[in-house]
Structure formats: structure tokens, C-alpha cells
Amino acid sequence: MINLSYFANPARFERLAKTLMPVLATVATILLPLGLVDALLISPPDYQQGDAVRIMYIHVPSAWLSMATYAACGVAAIIAIVWKHTLAELFLRAALPFGAAATAMCLVTGMLWGKPMWGTWWVWDARLTSVLVLFFIYIATIALLDAFDRPEQGGQAAAWLTVIGLVNLPIIKYSVEWWNTLHQPSSLSSMKRMLNPAMAADMIRPLMLMTIGLTCLAAIIVTLRMKIEIMKRKRK
Amino acid sequence: MMPIFTRMLARLTRARGLHTLSVVFFALALTAFVFGIGGNTSDLANITPGLVWAVLLLSSLLGLPLLLETDWADSTLDDFILSPIPLPALMALKMLAHIAATALPAAIAATLCVFAMAPDAFSPQLGIGLLLGGISFSAIGMLGAALTLGSSRAATLQAVIVMPLAVPPLIFGAGAAGAPLLGVSPVMPLSMLAAFTVSAATLAPFAAAAIVRMKVTTP
Chain A
1273 MINLSYFANP
1283 ARFERLAKTL
1293 MPVLATVATI
1303 LLPLGLVDAL
1313 LISPPDYQQG
1323 DAVRIMYIHV
1333 PSAWLSMATY
1343 AACGVAAIIA
1353 IVWKHTLAEL
1363 FLRAALPFGA
1373 AATAMCLVTG
1383 MLWGKPMWGT
1393 WWVWDARLTS
1403 VLVLFFIYIA
1413 TIALLDAFDR
1423 PEQGGQAAAW
1433 LTVIGLVNLP
1443 IIKYSVEWWN
1453 TLHQPSSLSS
1463 MKRMLNPAMA
1473 ADMIRPLMLM
1483 TIGLTCLAAI
1493 IVTLRMKIEI
1503 MKRKRK
Chain B
19 MMPIFTRMLA
29 RLTRARGLHT
39 LSVVFFALAL
49 TAFVFGIGGN
59 TSDLANITPG
69 LVWAVLLLSS
79 LLGLPLLLET
89 DWADSTLDDF
99 ILSPIPLPAL
109 MALKMLAHIA
119 ATALPAAIAA
129 TLCVFAMAPD
139 AFSPQLGIGL
149 LLGGISFSAI
159 GMLGAALTLG
169 SSRAATLQAV
179 IVMPLAVPPL
189 IFGAGAAGAP
199 LLGVSPVMPL
209 SMLAAFTVSA
219 ATLAPFAAAA
229 IVRMKVTTP
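In the order they appear, the protein sequences are chains A and B. The numbering of the first sequence is our numbering, which starts it at 1273 and goes up by one. The numbering of the second sequence is our numbering, which starts it at 19 and goes up by one.
So here's chain A without its partners, still in its complex pose (with noise of 0.2 angstroms):
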């Protein structure tokens, strides 16, 4: 078992954040022009989807970013409330308006494949609908955080309510599967379906790139918002 307290001390933070940033960096820059140029230009256009396949590389990595963000802000709430770490809450500062913005990309881009694909830019269906709320529970986190004189208790209010919201998390995840939707079930859900896959290969690659790549964009956007947190505070 880690001990995380370990982590807690900003000054660590800021080690381990000098370590990792170079790693995360040159990852990114390999693999997300690489992704980007498989996905637009060499992986194959779909036989009923056409090109508008492509936008798939930019939604579904998106998708997965606002889940995982949302899910990385609930164990740092959970971690604020009870052991009342500052850098817990200064890594939902960081990561909730990364995560908000993720999840509005997932949304518009959705929307912009809906519309040539579905004939709509919008159903209401279980799965755009869930993605909608945790949207509007992003925000309406974002805006606890400023709401208060004092910024602990924005950080505390904040923290308890991205623990609540967590329930949305699995409604999410299972929409797809729990009722029957517009929204197809995902072609990558499980490792039984990840070694036996429902996508051609040439697609798995560029989305496997663009995912990873983003994930490490995301991992350095959040660790310089959370250096940025530590400065002003230091300057206080």
C-alpha cells in the first residue's frame, strides 16, 4: 500500500511534478501528432460512416478524459474531506475546470457527429443525457469553489459535492448497456472484448494514440494549473 500523505507535502509535489513533467511531455509530443496524422489522413474511412468516423478520435478520448477526471477529483475529495490535505484540494481546483472542459468537448463533438450520422444534432437519449448532467454537475462544483470568502470552504463545499456526484459515474458507464439507446455500447469496454475487438485495427491504433497521448496532455495540463494553485497561494 502507498502511503499517500506521502504525496501530500507540496514541496514533494513539486519534485515529483519536475521528474514527471519531462516523461508526460515527450510522450505527448510524439504521440499526438502521430495520432492526429493517422486519424485524419491513414486510418481507413468507415464503410457506413464515411470520414465522419474521424471524429471518433477526438470524442471518444474526450469521453474517456471527462469519467477519468471526474473519478481522480472523487478520490481527491474524498482524501480533502477526510484528511483535510490542501493539495487534495488544489488538484480539484486544477482538474474540475480541465474535466468540465473535456466533457463539453465530448459534447460538441457528439453533437457534430450526430448530425450527419443520427439526422440530429441532439436525442435525448440515456447516455447524451447522463453526459449532460455530469456536465452540469462540473459547473455547478466550479462554482462552489469561488463562492466563499474563504477558499477552504469553497475547497471543502466543493470536495462534498464531487463525492456526491460520483453516483452519476456508474449511470454513465452502464447507460449504454442498462437501456437500450441510441448511443451504441462501447467497442472497447472490457479486456475480452479488447482482445477479441469489434473495430478493425487500423482504427484501434489511431484511437489508442490520440487516448493516450490526450491522457498525458491532460496529466501535464493539470499538474502545471496545480503549480500555478501553489504560486498564488505562496504569494498570499
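Check the hints yourself; a few may be wrong.
The list that follows gives simulated cross-link-like pairs (lysine-lysine, DSSO-like), each with its CA atoms no further than 27 angstroms apart [to be verified]:
no.: 1; chain 1: A; residue 1: Lys1508; chain 2: B; residue 2: Lys233
no.: 2; chain 1: A; residue 1: Lys1504; chain 2: A; residue 2: Lys1387
no.: 3; chain 1: A; residue 1: Lys1504; chain 2: B; residue 2: Lys233
Listed next, with one range per pair, are the computed distances between beta-carbon atoms [stated by the list, open to error]:
no.: 4; chain 1: B; residue 1: Leu200; chain 2: A; residue 2: Thr1298; range: 53 to 63 angstroms
no.: 5; chain 1: B; residue 1: Thr59; chain 2: A; residue 2: Thr1392; range: 25 to 35 angstroms
no.: 6; chain 1: B; residue 1: Val234; chain 2: A; residue 2: Thr1291; range: 35 to 45 angstroms
no.: 7; chain 1: B; residue 1: Ser217; chain 2: A; residue 2: Met1471; range: 46 to 56 angstroms
no.: 8; chain 1: A; residue 1: Gly1391; chain 2: B; residue 2: Gly201; range: 20 to 30 angstroms
no.: 9; chain 1: B; residue 1: Thr88; chain 2: A; residue 2: Trp1355; range: 29 to 39 angstroms
no.: 10; chain 1: B; residue 1: Pro137; chain 2: A; residue 2: Tyr1319; range: 50 to 60 angstroms
no.: 11; chain 1: A; residue 1: Gly1391; chain 2: B; residue 2: Pro137; range: 34 to 44 angstroms
Keep in mind that the hints were calculated from the coordinates and are not lab data. Since this is a predicted model, take the numbers as computed values, not measurements. Quick reminder that beta carbons are idealized off the backbone N, C-alpha and C, glycines included.
On the provided structure of chain A, position chain B as indicated by the hints.
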């Protein structure tokens, strides 16, 4: 316990007439929707169950800015924390006071509105569903009131916090209310609504108590 509850309820109703205001607001909001949509009776009858549910959610937001803020201002909340009665029990009483002051009158008004505007959708289950929904909205509202305690824009934030969290009971409740119009059984959505209500009403006092304690004790 009973005198505390009566005092909590009186704080919401006697000085501020929240129970009357809830019914008046419910009627006004519903009328605004009707004016917006137009008075075509057949269209209106079909959407009345869903409309009534959405307006019930809106009217549950009314009492939230008063729910804990006055107790925070005159340091009643400090007394609550020091009191021998457990804080979650006091928060549960607060929730019951909010239910009695807003959810109950609004649910009765909603049932009567469906009876008058869409008699086909009226059934005994409708009233039960609306009351369960009102309880859910009050439970979620407790969380919103606790989270925004001490903020200068509490009322706006409460709406932004409560509405997304209230989506599940709204969907199940409106589904159950509209079931007779579609000729399907309301049992499934009604049971889901009941399950949500029971969980929310049980957990919310504990969460609200923890949040209130954090608010009062954070330096």
C-alpha cells in the same frame, strides 16, 4: 424533539408564509408554462404530468435560502452542534420541516392541477409519486442549502447544485405520472422513485450534518 420540529417549521412558515408561497409559486410557474405553450387542451393534457413534475422541482428551490441561513446567522447551528441530540437527527428534522412547508403543499397543488387539467393522467399513484418526489427534492435541497451556507450567492448556487442531482427522481417520477396516458404500468418507475427517495432521505441528513459541521468549525 417535537418542540424543536415545531420551532423549525414555524421559522419557515409563520414569519415567511413559505407554505402559502409554495402553492402560489407553483400555480404561477405552471400558468407561465401554459401561457408559453398555448392553451390547446389536447396538447396540454399530454404534457401536464411532466410539466407538473418540473414545476414541483422548481418550487422546492424556494425555501432553500432560508432553510439554514437564518440558523447560521443567529448561531443556532452552533447550538445544534453542541446539543446532546445528534446533528444528523436535527438535520432530518430540518428536512421534515422543509417537506412540510414546501413539498407537501406543492405536491397537493400538483395533484389537483393534474386532476383539473389532465383527468386521464389522474390516479391515486400520481399523488403518492408527487409526494415521494417532493421528499427527494427536499433531501437534495438540504445538501444544496448545507453546501452553500455562508456564500453571498447561495440562492443561485442552490439552483445550480440541486437541479442536476434531481434529474433521476424527476425522470422516474414524470415517467410514472405519464404512464396512464401511454397505457403502461407505473409500477417500475414508481418503485425506482421510491427507492431513490428512501436512499436520499436517509443519507441526506448525515451528509448535511457533516457539511454543516465542516462549515461551522472550519476556521
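query = When the hints from earlier in the document are held up against this structure, which numbers fail?
reply = 2, 7
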